[in-house]
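Colleague: Below are the chains, spelled out letter by letter.
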Amino acid sequence: MSTAPVAVQPIPRGMARQVGRRLGDWFPALAVFVLAIALWEGLVRAFDVQQFLLPAPSAIVDTLVEERSLLWSGGVYTFTEAIGGFAIGCVLSILTALALARWRGLGGAVMPFAIAANAVPIIAFAPITDQWFGPLNKTSKMAIAAILVFFPVLVNTLRGLTSVRPSSIELMRSYAAGELTVLRRVRIPSALPYIFSALKVASVLAMIGAVVGEYFVSSQEALGFQIRNAAQLGEFELAWAAIVVASVLGIALYAAVALLERLTMGWHPSARGDI
Amino acid sequence: MSAERAVVSLRGVSKVFEKGGVVALEEIELAIQPGELVSLIGPSGCGKSTLLRVIGDLVQPSAGEARVNGKTAHQARLDRDYGIVFQDAVLYDWRNVGKNISLPLELLGWDRGRRAARVRELLELVELTGFESHHPWQLSGGMQQRVSIARALSFEPPLLLMDEPFGALDEMTRERLNMELLRIWETSGTTIVFVTHSIAEAVFLSTRVAVMSARPGRIAGVVDVDLPQPRTAETREQPRFFELVTAVRDRLRAGEDSAASAEEPSEENLYVAEERL
Amino acid sequence: MSLRVASSRVAGPVAVLLVLGALWESYRWLGERLELRWPFPVNGRTMPHTWDILAQFFEPSRRNGPLLIETLADAALFTAREALAGFLLGAAVGFAIGVVLHHSSVLQRGFLPYIVASQTIPILAIAPMVVVWLGGRGAPGWLSVAVIAAYLTFFPVTINTLRGLGSADPRAIELMRSYAAGGWAILWKLKVPASLPYLFAALRVSATASVVGAIIGELPSSIQDGLGGAIINFNQYYVTSPESLWATNIVAALLGICFFLAVLATERIVVRRAPVHTA
Chain A
407 MSTAPVAVQP IPRGMARQVG RRLGDWFPAL AVFVLAIALW EGLVRAFDVQ
457 QFLLPAPSAI VDTLVEERSL LWSGGVYTFT EAIGGFAIGC VLSILTALAL
507 ARWRGLGGAV MPFAIAANAV PIIAFAPITD QWFGPLNKTS KMAIAAILVF
557 FPVLVNTLRG LTSVRPSSIE LMRSYAAGEL TVLRRVRIPS ALPYIFSALK
607 VASVLAMIGA VVGEYFVSSQ EALGFQIRNA AQLGEFELAW AAIVVASVLG
657 IALYAAVALL ERLTMGWHPS ARGDI
Chain B
13 MSAERAVVSL RGVSKVFEKG GVVALEEIEL AIQPGELVSL IGPSGCGKST
63 LLRVIGDLVQ PSAGEARVNG KTAHQARLDR DYGIVFQDAV LYDWRNVGKN
113 ISLPLELLGW DRGRRAARVR ELLELVELTG FESHHPWQLS GGMQQRVSIA
163 RALSFEPPLL LMDEPFGALD EMTRERLNME LLRIWETSGT TIVFVTHSIA
213 EAVFLSTRVA VMSARPGRIA GVVDVDLPQP RTAETREQPR FFELVTAVRD
263 RLRAGEDSAA SAEEPSEENL YVAEERL
Chain C
361 MSLRVASSRV AGPVAVLLVL GALWESYRWL GERLELRWPF PVNGRTMPHT
411 WDILAQFFEP SRRNGPLLIE TLADAALFTA REALAGFLLG AAVGFAIGVV
461 LHHSSVLQRG FLPYIVASQT IPILAIAPMV VVWLGGRGAP GWLSVAVIAA
511 YLTFFPVTIN TLRGLGSADP RAIELMRSYA AGGWAILWKL KVPASLPYLF
561 AALRVSATAS VVGAIIGELP SSIQDGLGGA IINFNQYYVT SPESLWATNI
611 VAALLGICFF LAVLATERIV VRRAPVHTA
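Protein chains in written order, with the working numbering: chain A, 407 to 681; chain B, 13 to 289; chain C, 361 to 639.
Please note that a few of the clues may not be correct.
Sample of chain A residues lacking proximity to chain C, with all beta carbon distances greater than 12 Å (derived) [claimed, not checked]:
(1) G448
(2) A462
(3) L470
(4) V471
(5) R474
(6) S475
(7) S479
(8) I489
(9) L512
(10) R579
(11) A583
(12) E585
(13) P595
(14) V610
(15) L611
Computed from the model, here is a short list of chain C residues facing chain A with C-beta under 8 Å [as the list claims (entries may be wrong)]:
(16) F418
(17) A477
(18) T608
(19) A612
Hints are computed from structural coordinates only; laboratory data are not their basis. A quick note: this is a predicted structure, and the numbers were derived from the prediction, not measured. Where a beta carbon is used, it is the ideal one built from N, C-alpha and C, also for glycine.
Next up, chain A with everything else stripped away, as it sits in the complex (with noise of 0.2 Å):
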């Protein structure tokens, strides 16, 4: 009497299937890459631009190679930097949401700050966390990495706690749960599809903020550093070949968040085909 089953998604099965469809996904991205990489390059040839706007890919590279040690260490300092204040801002961020979600009246009141904490334009902030943790300590950048994050974070966490369907809560309340248990089983996993997503927004920010906060005094290891200090003196390949490497670290923390986003949220439908 009871009906065959109707899946509602049909999930394809088979790797073949699976690879031929992730590779036409990619390819026009892949496309784009190649195109874009030998335009750049035949334009910097063909018309000569001055090397310190844009030199060619093939300059980059070189550089990449040449100077590897000089911008892996680089690069792992200031990565470092941003995982750090990525940790402190998302513990802090995560932290008071719930506390906001438990008590609602405080959310109206404290919004405004922390719209206001985002409108300061961070660069401002940088020469005060110099001050108080020094400028050669990595403190400094992790504390303007945090602030960064704090507050996407923070607005994606709450918004993700309080959306749940009154039909839920209804339901949990015939079980007699309390807010604790309601928090734990239903509002928590119900905002984890928020969190990671204000996850990827903050791990690009994460790296972007410890950049920035190396602009003013830093380092000499930094990264930061290397890019004014290249640009300063002329030598722009290396100065681009920093950037390029701030900016795929930026990409591989971004990369790390979606990974631990499909491993823990398999379950969410949204999993498969999104940024």
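We have chain A already, so just place chains B and C on it with the hints.
Modeller: Below, chains B and C without anything else, positioned relative to chain A:
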């Protein structure tokens, strides 16, 4: 109709929502005996969903008394004396079917072995054996509702509250699930309060149909459904079935005619707004 | 809005402001008592008194010069113009890119990864190059700064435009097609209005981002007149006058907030319903 043994006993229950000052329920008197299946039917705004939630202590009445299983509705909720099924299955995407069903059991502190055994029993009951590891989005609407029913019955409550559980489904699935619900009802012996919009469904399922009128929400009448048990597909074709449907419809019309003609906000929005979630 | 409602809305934030001030001062008092060194040493240099900071606004910003509050107000206005130009430019470009990518999934798959990746490039590093390039072409300083501000502004707008255009109810689209409406009509009469909530959510983020971009853009341009110049200036004099840098931060924050509120107000007028707030 002994009131002491009644599973649900409503005396003078009224509910006024502050927002809009709407009188959702006025002087509701109703007693439901163990083993009954009572439907609440009425037009939009008649308070049937609100009444269901008063029984479940999800909404507090402004006046009157609601007793469930011999206790106050509040105590009954704390003692988990009822299971509830909503129109939307409210399944959690991050849990598979088995884990969704066992959620209340986890909250009750059952150990893993006992939970697993009960989940298997329930899957058999709702005819979803083999779907334990599936996720909600892989199931059709009808299947999701069956999971929702299994979950509601998981801790064998004496009372089952259902708020238009089949409202979002197509007619054929609905009829099929009606039969399934009757089968589950017979097997488990649970008392059921069933809110619906469909006259045919109400008559087909129930032992009694409480007809409500709107503005203010009142019980306009109760129709005894004396169709033989167990009900089958053929029951829908009996002359007596049509007589009862007509009786219910007439009661509904009578209730409507006496109601005010002004449009009022839907009750669902009111009680959601009222409870700070 | 009535005075009562307005004042009750303001009361909350004002109360929090006072509480924050109290927390600041208590931490300072405690820190000095206990000679705290972690997370940072507490003294007059790292944590100037709140009242000293406020008082500093009414001191001359330099010897025989105008009051700090005047200097900062001028600087803020200067930066605001660049930020506004950048905001408008970035919003327009972001929206255009979003519309184009919405209509071509091939272009979307081709370019979107790079658009996302573009935001991983530290703007501070690119800024000098943008300034020199545009300056070399005879563009005024403020234009380069506006371009840099636009760089930070366009991204959220693109992403949200994409999402917003795609959020139109498919049945509404079918309805339009049944009227034989062409692509343009569907776009402007259906999809764009449907995307407005998303668009404004992005503009709220972009509002503050444009101010940040403008300040960052001023730094390598050696523009003295804006807030960027003020930050560098007061950073140099931090040891003698820490309050000035804090004051500059406050003004920068206020500028960001003003932009944000302006977007909120516009949203209320354009969308004719209150913006969706979080919490």
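Colleague: Checked against the structure, which of the hints given earlier come out wrong?
Modeller: Hints 9, 14, 15 and 16 are the ones this structure does not satisfy, whereas the remaining hints hold.
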